[in-house]
Structure formats: C-alpha cells, structure tokens
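**Student:** Sequence:
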Amino acid sequence: MNFNTIKASVVCLLFFTTFFSFAQKDFQGIAFYESKTSVDMSNFGGGQMSEERKKEISERMKSALEKTYTLTFNQSESMYKEEEKLEAPSQGRGPNFRAMIPTGGPQYKNVKDLKVLQEQEFFGKQFLIKDDLQKLEWELGSETKTIGQYMCFKATAIKKDDSFNLGNFGRRGSDSENNETEEKDAPEIVVTAWYTPQIPVNQGPDQYWGLPGLVLEVNAGRTTILCSKIILNPSEKETIKKPSKGKEVTQEEYDEIVKKKMAEMESMRNNRGGGNRGGGGRR
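Just add 127 to the spot in the sequence shown (first one is 1) and you have the working numbering.
Watch out, some of these pointers could steer you wrong.
To be verified - Derived pair list, reagent style SDA-like, types lysine to any residue, alpha-carbon separation capped at 20 Å:
1. Lys369 x Lys182
2. Lys257 x Lys189
3. Lys208 x Lys388
4. Lys208 x Gln378
5. Lys356 x Leu244
6. Lys369 x Asn201
7. Lys388 x Gly231
8. Lys252 x Phe154
9. Lys372 x Lys182
10. Lys368 x Leu192
11. Lys257 x Lys182
12. Lys242 x Gln334
13. Lys208 x Leu244
14. Lys369 x Thr197
15. Lys356 x Lys182
16. Lys369 x Asp259
17. Lys194 x Asn346
18. Lys242 x Lys257
19. Lys163 x Thr319
20. Lys257 x Gly337
21. Lys257 x Gln334
22. Lys182 x Leu192
23. Lys369 x Gly231
24. Lys356 x Ser162
25. Lys356 x Phe154
26. Lys208 x Lys182
27. Lys286 x Gly337
28. Lys356 x Asp333
29. Lys287 x Ser165
30. Lys262 x Lys182
31. Lys194 x Ser162
32. Lys189 x Thr350
33. Lys262 x Met278
Stated by the list, open to error - Here are the simulated distance ranges between beta carbons:
34. Lys252 x Lys281: 31 to 41 Å
35. Ser371 x Gly251: 36 to 46 Å
36. Glu211 x Arg399: 30 to 40 Å
Hint data in this document are derived by calculation from the structure and do not stem from the laboratory.
Even for Gly, the Cβ is constructed at its ideal location relative to N, Cα and C.
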C-alpha cells in the first residue's frame, strides 16, 4: 500500500468518524480567524520617500491590515465578517489608509448553489457584489500538521494576485499605463491552505473553500489567515442571512470601479504635487 493510499484512507476514516455528528440539520459552527497582510515598501512613493517616512507609513498600514473575523457555517452556507473594534484617532499627516482600503462587509457563500454575496464599502459608497462562487483547483498534499486540537492536511493552488496593492500608491508617472501593465502582468501566487477533515464541511475564510474539511489556515502572497478558535454547535445559533445592502454589481464590475477611483486619486495627487521640489512631503 503506497503513501497516497494510506493518506486517502486516513482522510476517509477521519471523515466518516465525524460525519454523523455534522449531518444533523441544525448543525452550525463558528470559527475565529486572524488576518495579517504585509506591504512591500521598497517602491512606495516612487523611491523618493525617506526611510523614516516609509517606516511611519508602514506602521499605519500594518494596523489597517490586521483584522479579526468570524466564520459562521453549516453544511451549505457560511457568513464571513470582520469583528468591529474601536479605532484610535488618526494622528499625523498623510493618507488615511483605512479609508483607501476597500472595506469588506459580510460575505455570504453558498457552496451548494455556488453563489457568493458580499457587501463592500468603498469611499463612502455601498456595493453588493453578487457573483458565481469561484473554486480554486486544489492539489491535495501529503503533509500534515496540528492546528489547535485538529489534524490538518496541506493543499495548494495557483491564483492571480488580486490583493489590493497600496505599494503603487504614491508613484509618479502615467496612471493609465501603470494600471494597464499591472493588469496584463498580474502575478500568480501559490496559495497554501491547511484543512481538517475532522470538521467535514467544504467551507473556509474569505474566498477559500472547496476542500474536504474546514480550512483553518491560508497563506497567499503577503496575506496570512489563521484560525484561533472554533465553537461547534453553539448553544445560541446564529441565523445566516444573505447580505442585501448596496448597489448590486458583479466582482468584475466592482474591481473596475476601484481601479478607476484609485487612478483618479493618484492623478489628483500628482496634479496637486506638481510644484513640490524633490518629491518631499514638507508642509
């Protein structure tokens, strides 16, 4: 019996030993995730920014890109949403990165109907992204590790890097040319996920799903999402409601809106800064 056969047997055993506890109609679980994203500061500001200023901006972006989420799920539906937290008053000069970064509202996934709905706020406007659920072509690996009390298996996939790139903000030059080049040459990244067959639902955080077990960890480019706590069949169950607020758009339409707005902001910034010498940020 080769190793892959043994691995498949272990997965099947874990699946069937836990299946009946999850087959009940009112089954529900809640998983808590921490998400962190780093930003490449090497080209920020077109190379004209001091290292001290880059460090200051990096710290502000780090705070804006560290978030906690909850994933409420059953066998066919899930709701992924950011936990609210009290923000410290903004200090210092420079852009408000939380305002610039698209704010993801509740994300509803239905893995049975293959549909996704997500409320998204961008520059004070509310959108409702409604689209087909996209599945990555996962390759199941043989590696295992333990996350909390759960045995997890490794899976990998390739996807385009669609992360929001703040590193390009502040570069001087032709915005339309930069955007067209980035769109054509959008890099592909390896997504590494760790899932547990001990919770046999093909759900996961954010856009990640489609594996034979709940996804507990994702590493994709500069973003890491890690599950810190799981509650199965909580005493007080939460109704999973479809998001409904905002102007209805597809994911492609929303991405185009964001791209145009960011190009507009950069053009305005360059026009205002046309008279500054040395690209400095002096008052």
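**Student:** Hint by hint, which ones does the structure fall short of?
**Tutor:** 1, 2, 3, 5, 8, 9, 10, 11, 15, 26, 30, 33 and 35
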